[in-house]
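Protein chains in written order, with the numbering used here: chain A, 1 to 68; chain B, 1001 to 1256.
Please note that the accuracy of each hint is not assured.
[What the hints assert, rightly or not] Residues of chain A clear of chain B, computed beta-carbon distances all greater than 12 Å:
(1) MET1
(2) THR17
(3) ALA19
(4) GLU20
(5) LEU53
(6) SER54
(7) GLY56
(8) GLU60
(9) GLN66
[Claimed, not checked] To give an idea of the interface, some chain A residues facing chain B are shown, with a C-beta separation under 7 Å as derived from the structure:
(10) VAL13
(11) ALA14
(12) ALA35
(13) ASN39
(14) GLY40
(15) ALA58
(16) GLY67
[What the hints assert, rightly or not] Simulated restraints on C-beta separations:
(17) SER55(A) <-> SER1190(B): 51 to 61 Å
(18) SER1049(B) <-> ALA41(A): 18 to 28 Å
(19) VAL1137(B) <-> ALA14(A): 53 to 63 Å
(20) PRO29(A) <-> ALA1232(B): 31 to 41 Å
(21) ARG3(A) <-> SER1049(B): 20 to 30 Å
(22) LYS1124(B) <-> THR16(A): 26 to 36 Å
The hints are simulated quantities; they were obtained by calculation from the structure and are not laboratory data.
Where is the CB? At the ideal position from N, CA and C, for every residue including glycine.
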Amino acid sequence: MTRLRINGVEAEVAVTTIAELLAERGIDPKARFLAVAVNGAVVRRAEWPEAVLSSGDAVEIVRPLQGG
Amino acid sequence: MTDPLIIAGTKLNSRLFVGSAGYPNQQVLLDSLEASGAEIVTASIRRISLEGYAESLIDLLGSRYRILPNTSGCVTARDAILTAELAREALETDWVKLELIGDRETLYPDVEQLVRAADELVRKGFIVLPYCNEDPVACQKLADVGCAAVMPLGSLIGSGMGIANPAAIELICSKSPVPVVLDAGIGTASDAAYAMELGCDAVMVNTAIAKSHDPRSMAAAMRAAVEAGRLARLAGRIPKRSFAEPSSPQLGLVGS
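Start from the sequences, fold in the hints, and give me the full structure.
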C-alpha cells in the first residue's frame, strides 16, 4: 500500500503510478482538461503511465471550473 | 470598423472579457457568453472531486472560447505559480490571469508577491495578465517584469461599486506600455463605458452580468457599452467647462 495525500486528504492506495491512481479514483486519464502535480511539481500527461508514486507524496489533481 | 485589441501578439476583436462564475444555470451562462460577444472567458483551477469525475462546463466552453485560467484564491506566490503551471497543463495555454490575494476580506492584491510571481511566470514562458491595484507604480513594475497586460481594479471584486478612482485609472492608461484591462467592480453598463472612455483597452466583467436579473440582456448591454466607450474614447470628449456655451447660432434671433 502507498500512503498518499490526494487533494489534501490522506489515503492508502494500492497503486504504483499516476495513471493507476486516476483509474482507481474513477477518473479517465484520457479526459481533457486534467492536470496533476506531485509534491508541487506538474507531471505532464505523457508521463502519467510511468510516473511512480511513493509513500508520503502529495498529489494534486485539478481541472478548470467556472471562475472570474 | 476594425479596431482589434492586441495582447502578446494575439488579435482580439472583442474588448470585453467575461467571467464564467455565478450564473443561475448553465444555459444562462452559455446564452450570456454568446450575447457578450466575448472571445476571452475566465475560469478557475480547482481540485477535482474525488467522488468521481464529471464533465466540467469548461469542457463545453473550451472549444468555443479562449479560456483564460486564473489563480483566484491564491495567497502565496508559490501556490499561484503552481496553479498557473497546472492550468497550462490542463488547458494547453500559456495565458494566465494572475491573482494573488493579500487580504481575504477585501480581496485586495498583494503587490509585492504579485510582482515576484509575475516575474517568475514570465521567465517560465507564460503570458501574464495580473489583477492588480489601481496604482500606476504597481502597473509599471508589472509591465517592467514582462506582463502582457495589466488588470487594475475599478473597485473591490464583486462590489459593483464601479470605478472608485477614475483619475488613477486614467493615469495608468496614459502611462502603461501594455494594454490595460479594467478588472473588478463593474456594476452596470455605464461603468464599462466609462472605463473605456478613460482609456482602458478592455474591460473584464463577471458578477455584474451573472448576478443581474437578466444576465443575457446585461451581457448584451456590456457588449454595447464597451463598444460605445471605445468609440467615444477614439472620437475624443469635449473639454469640460463651468459655464454655458449655446449650441444654436446667436445670429438671426427672432425679435432682435
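Hints, verified against the model:
| no. | hint | result |
| --- | --- | --- |
| 1 | MET1 | holds (17 Å) |
| 2 | THR17 | holds (17 Å) |
| 3 | ALA19 | holds (14 Å) |
| 4 | GLU20 | holds (15 Å) |
| 5 | LEU53 | holds (15 Å) |
| 6 | SER54 | holds (19 Å) |
| 7 | GLY56 | holds (18 Å) |
| 8 | GLU60 | violated (7 Å) |
| 9 | GLN66 | violated (4 Å) |
| 10 | VAL13 | violated (11 Å) |
| 11 | ALA14 | violated (16 Å) |
| 12 | ALA35 | holds (4 Å) |
| 13 | ASN39 | violated (10 Å) |
| 14 | GLY40 | holds (6 Å) |
| 15 | ALA58 | violated (11 Å) |
| 16 | GLY67 | holds (3 Å) |
| 17 | SER55(A) <-> SER1190(B): 51 to 61 Å | holds (58 Å) |
| 18 | SER1049(B) <-> ALA41(A): 18 to 28 Å | holds (23 Å) |
| 19 | VAL1137(B) <-> ALA14(A): 53 to 63 Å | holds (55 Å) |
| 20 | PRO29(A) <-> ALA1232(B): 31 to 41 Å | violated (51 Å) |
| 21 | ARG3(A) <-> SER1049(B): 20 to 30 Å | holds (21 Å) |
| 22 | LYS1124(B) <-> THR16(A): 26 to 36 Å | holds (30 Å) |
Of the numbered hints stated above, those contradicted by the structure are hints 8, 9, 10, 11, 13, 15, 20, listed in ascending order.
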